[in-house]
Amino acid sequence: METGILTRIGYALVSLFVITNYGLLLIGSMARISAKVQGRVGQPVWQPYIDIVKSTAKRNSIGHGIMFYLGPVFRLAGGVGTYMFIPAVYGSVLFRNFSDSGDLLLVMYFIFFGQLGMALGASEGGHPYSAIGVSRGLSQMTAFEVPFALSVIAVAIQYRTLDITAIVAAQQGGFWNWTVATNPLAVVAALIAFLGMSMHNPFSIVIAPQEIPIGPPTEYQSNLLGMLQTNRAIFNGAKLVLYMNLYFGGATDIVTMVVKTFLIYFINVFVGQAFPRFRVDQSIRFFLGVPTLIGIASVIIAAI
Amino acid sequence: MSLLEFVSRINPVAASGAVLVLVGVWGVLARPNLFKIAIATSVMETGVNLVILSTGYIRGRTAPILDSAVAGTATDAAGAAARMTDPVPQALVLTAIVIGLAVTALQLSYAVRLRAAGGGSSIESYGDEKW
Amino acid sequence: MMRRVLVFLAVAGLAWALLPLALGSGVPEAPGALATAYLTDAPADFGAANIVTAIVVSYRGFDTLGEVAVLFAATAGVGALLTRKRLGLGDAEPEAKPAATEILVTATGLLTGLLVMFGVYIFLHGHLTPGGGFQGGVVIATALLLGLLARPESHLSHGILAAVESLSGAAYVGMGLLGAFLAWGFLDPRALPLGRIGSLVSAGSIPVIYSLIGLKVGAELSGILDALKGDRE
Amino acid sequence: MVNPLWLFALSLGAAFLLPLVDRLGRRIALVLVHGVTAAWLAAGLSWLAVLLSGGEAAEFGTAGFRAPLAIVLRVGLAEAAGVTAIALTGLLAAFSLTRSLREAPLGGAMALLMALMGLSGIVLTRDLFNLFVFLEISAIGTYGLLGFDDRKPALRSAFKYMIAGGLASSLYLIGVIYVYRLADTLNLDIAAAGTALSGPAGTAAVFFLLAALLVELKPFPANGWAVDAYETAHPGISAILSGASATALLLALWKILPLLGPAHLSLVAGSGLATFAAGNLVGARQDRPLRMLGYSSVAQVGLVAAVAALARLGGLGDGGADFAAAVAGGLLLNHLLAKTGLFLLAGAVEDDDARGRLAPLSLAAAGVLSAALVGLPPFPGFWAKWRLVRALADSGLWWILAIVLGGSLLEAFYVFRWLGLRAKGEAGEAPVRLGIRSAGPVLAALLLAAAGALAGIRGPVPDLLLWAPWAAAAILFLLDGTPGWLKGLLSVAAAAAFGAAAWDRLDGFRQFFAVMLLGGGALFSIAALRKGGPRRGLHPLLAAATLALGAILVARTPLEFFFAWETMTAASWLLVLRGRGGEKPALSYIVFGLGGAFLLMAGLAAGGWDGGIAAAGWPGLLVLVGLLVKAGALGVHVWLPGSYAESDDESSGFLSSALSKAPIFALFALALSLGAALPGGPWTSRALGWLGLATALGGALYAVYQEDIKRTLAYSSLGQIGYILLAFAAMDQAGWTTSLYLALNHFLYKSMLFLAVAGVIQRTGTRNMYEMGGLIKKMPVSFLSVLMAIIALSGVPPLSGFGGKWLLYSTLIGKGWYLETAVAFFASAVAFLYLYRLIHSIFLGQPKPSQANVREAPVALVLPQLVLMAVLMAVSVFPRLMLDPILALVGDRFPAAFVFEGTRLRSALGYWDGTLTMIVTGGVFALCLVWMLANLHNPQSVKQFNIVFAAERPLRPETTHYAWRFFEPYRKALGFLTRERAERFWDAFGTGAASVGGALRRLYTGNGQTYALHVVLYVAVLYLLLGVL
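Protein chains in written order, with our numbering: chain A, 1 to 304; chain B, 1 to 131; chain C, 1 to 233; chain D, 1 to 1029.
Since the hints were made in silico from the structure, they are not lab data. Be aware that a few hints might be false.
Stated by the list, open to error - Result set (EDC-like, lysine to aspartate or glutamate): computed pairs, CA atoms no more than 16 Å apart in a straight line: (1) 152/D <-> 128/B; (2) 85/C <-> 103/D; (3) 972/D <-> 281/A; (4) 531/D <-> 856/D.
Only chain A is shown next, with the shape it has when bound in the complex (with noise of 0.2 Å):
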């Protein structure tokens, strides 16, 4: 039985008030736990919340264009989206959003759609750096989803099916009905491409010709960039939650969604205190070497 339309707006606003505190919080506990690895106090964990309120309470906004005002409504738009398109919790039907849209594939290239938008918004700027960032970014971006592209097709291979809540029924009933368990090879080759997505250390080097605000928004400010900065949550909890549907059981209710995540996001952060930073095009050919061959390796054995 369908589920009235004013009541799934009402299910998926809740899911993404849930999601953003959940991002934010996210955000803010890993800085701290990166300043606690480098030996520094570190910030307070609600530090993003005051981030954001600065941002958009700012009295006045610079822009440079239509284009430019709309890039970070494009880059919400995008992450907001990209969560909308997944189930985060399975069986919930709170948290089950708009994912009859469409399937995993859906999910992959709706992520493209914030940072499109972002890099035109961006580079409406005028700043060069603004482009310099997604020539890198996008180039970076081209090698992971190498490995991640496989590791999707091994997942689909595996279960026959595109569409995650079809993926994440088939890893019920136990740790060893995982895709982390029964294809770890795919789940290596993810987790790697993860750490290119989402630009941590050594794969930073995207961000790295401003280093303050993150990716290309040099010029940006106020709301647009307390926007930008609340994207940052939604988008990365999105991302952690297709992860975890699809390499690490999803999940039935909210806790598990949060332990599982939180888990998922710490590796990507202990690695990236671990290595230094690539050179672009030492990352690209990282990426299609290795964790490539790890992929291939995971289709065959899917496929086999």
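Model the placement of chains B, C and D on the given structure of chain A, informed by the hints.
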């Protein structure tokens, strides 16, 4: 076929004509002087003419002219015919000779013209158009 | 060296190709059917004693017309090539050529008339005796050549030569057409009465044609000599 | 019938009297010469009229006797045609010679008369010795003509020519006398009827005859003397040599064919083919036009001789003599007219030593003549070549087929290279006006067109719709002086009328493609109105290409298809050539286009395409490969980027978005004609899949590094075609649906991109992206168009492009092509790189001060873009608009993989709801927008250059527009994938062919004696081969 048999089958006129042809061809191919080439061509044609004549040659017969040499009376056409050689090659060779003459004349004119333009008499100096 | 080898190979190859024909075909015992037909029919058809002439001027008269055309074309070509202007002589007086020897001069004086007469004889009797228009024409040209050799500074009258050449050639074509209209085909000599075989006035238009050819050939060859000498305007 | 003897009498009488007539004035003499030639022409035409209306061939004896006693002339169809051709060529040449003849001594005019009469005599006579006489008349006439106007080089050549001629005539005499001796006749028919020539001596005798004629036909390698003459003589003389003389000699060869045994015929065929191949190889190395035409001449003559011999050998064709007459005759007619025209035209240009571009009329003539020479439709050579190829394929003579097609391709290369040069001219040179001298070439071109059209319409292609492209081109060329808008509207009307006329004849598939092909043509005809003025040449060619695309859809038989295909190739090639830097790209476009077309031709000719069974093997594969060349699959794509980049901007768009669908359509048609399967079975499908994938990836990677917008788009097209091929190769419902969906989508967004880019280039005057920047404020509509297009192209939801990606991956994973899927992912990701760069470098970033006055693109460009945007939006919101028809088209040929449930499309693996995606995206976007607006406090617009830049302010905006070598790190990492291997391969291939040609042409030393040596050696070798055979 024994050698003797082979030699007996040789048509002497044809053979000498063939030799002349080969001499002429050698001249055309090996003598660079324009005038010599023209003359060698002429020699070759003469050889060819001999070869043509040779095919009409029949041992023991005479020229195909209806006169006292072949016929007592003009009415003895059949008898006269039996005493004459083949007239066709002779008729043909006449044409061939004149044509050969015309070609030689023209070729020599070209040689004269080329030399008058100061290019020398050797064909090797006329190779600007190539490749 | 390479070239010599190739020339040798080429000549040898040609010799090899000629072998079965020139050496291997032997001497025939009797003329073939076509030749026999000519030998037996020609006297009756055209009243020409010289069967070769009958063939040349009538049966294969078209060849002969062509041959005249060849010579004509060659003369035209020579004439176009070797003008004084193109030879670079321009209007300059020809350099003095060494005078001919007395023997040549004297002999020329004696022989010219005889040679011309002989030439005319040859082409007039072409249908009776060996010879014909070409041979006669060549003999006439020889006479003119002797004249040029004996008197290097002399000129042939180009206009007269051209007129003779043109008119005799056109007349030849006219005789051919006459054959077509009065007899059975183009170049048929039976347009004129055949006469009695063996006499001077016989064989229809053959002697006329041969005379025209003789004049034309004589004029053309003289023209060629003239041109080679470098006297053409 | 007129007795030919009168004409001989006329010629000779006129010639003999010419010196006297000349006294009256040279003008009168020349009138006489022309009059006599015209009389020959009239006689030839009257014979043709009689014979074609059912008259019998007639023989004319001389001297009141018939064969064997006397010489006989014969007037049959071949003879009548030959005499007509000779007289026509003679007349054309004579007009071009008029001035020279007036200035030179009279000998020239006399020689001309004699030469032409001799050639006609060669054609008419049935007597072997008489043939010799006429050979000599024409030879001496030719010798005279070569030198008549006193060109120094021609004098040299003439001497060489004479040496070879002397050798040939000696050979002929030896042959003729022994034929007489053995066969006891000189009459051809009687000799051929008997058996006396079949023995060894007879064989040798006939060999000599044949060798002489072959030498006269200028065989490789014994043809240096002739080529020298072609190069140096007065162009009119070269035209006679190449056109009339070749005709006469070929007819002489034709005449003695009955005397020849199988061994002789094999020699002729072999020698002819070798000449064809070698002539074209050497010709390709030529930069002197007349010498090039000379090599082309000997090559063509060799081909005709080979065809005649092969047909006689019994190895070719259906009806023996009929076939040979049609094919050899067609080729000969084609060669004759084309070469005559080209020699006159090129010669006139060379005589003027002109380096500029040709004036329009002469250029059109040159184009027609070149196209005819190469055998493009609708000229006679095209029909002949088709029949020839068909017969060769039927007989299984593949190697000969390869030689014929390969040689033709080489010929196309050098002839079109010359044409390109003449069409463009050297920079800064004034246009070349030939005035009255272009009359001959124009007439030859008109005759060719008329003959070809007649042969086609009354022959194998009676369907007038297929001729519509030519008609449209002709009409619009006539109206070329009128304003562009008129021609543009006419073009659109033509496309619409064609569509209306053809619609009912098209099945669903064809209707689907008709929308793209005809619609695309009309679209870009409108776009062409963006600039004022007549825009000469653009509209006719665009209309012709559009209608040719339509004709491809309408075609029913293989020949009709190929006819339309070549029409399309030719028209589009000229479009490329019209572009500013189009000379070189056009050359590679046409060479590859024709290469593909020739493969197609071989395949079409070989297969039984009505049953479909015989075609499933090699023929089908040949067609497949031919189509892939045209589609620009990786490896044979080298023609594509340059052509798209250098042609006019609307032409590029047309080529990329519409015309590139033609090979796709043909692929579908191919598969459908084989019962929805590929030739060669599953392996072909797999290989095609990988090839498509490689093309997709290669296209994307190459596009990343381009600085030129149009090159970027060109490579992008390449990549998109790759996906279409990949999906097509899957050979199931999913794959075909995907393929068609991608094709239509590509049409939409690539049209938008090219239209937008055309506007940008028009306004900025550059194609280099790094010279632009910040145009978003000046050209907002174009920006929006590009934005939507790149979103669609990259496959980002919610626009329709994502549908393509979803369909593709679903297909591939469903098919089990996993690695292919991964590579496709990679290729799609790479596309982001160039797409971002495209929009960033042009529209975003720092504007250039020099482009401060740039305005929005003209209405003619903006309007179509708006329409396309609306369509794109509609099909994005309602994917069923596009997918329902496509699914219906693919139908139940395969098991269904995709099924619609409401707005949701379901595959075996997953689902996609385009409408819902759009709604969700729209909703989320609106939410974010509202959020942004609600929290936007006191927005202030700052000047573009107001940026914070690492604690300092850069001085000039130019230096801060990051655009040049945008993805340099990417090149550092993955540049090894894009080292232009294909270009290098084809370069090496070209170099190889060129060095073979270079080695061969070393034979042509320029030394007349060496040429003579070649002749004798050629004869000797031929004789030895005869012994072997």
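Here is how each hint holds up against the structure:
Using a Cα cut-off of 16 Å, the hinted pair residue 152/D and residue 128/B holds, with the two alpha carbons roughly 11 Å apart. Distance check on the hinted pair: residue 85/C and residue 103/D sit about 13 Å apart at the alpha-carbon level, within 16 Å; holds. Proximity of residue 972/D to residue 281/A is assessed by CA-CA distance (about 6 Å); at most 16 Å being required, the pair is judged to hold. A distance of roughly 14 Å separates the Cα atoms of residue 531/D and residue 856/D; the hinted pair therefore holds under the 16 Å criterion.
Consistency note: the structure conflicts with none of the earlier hints.
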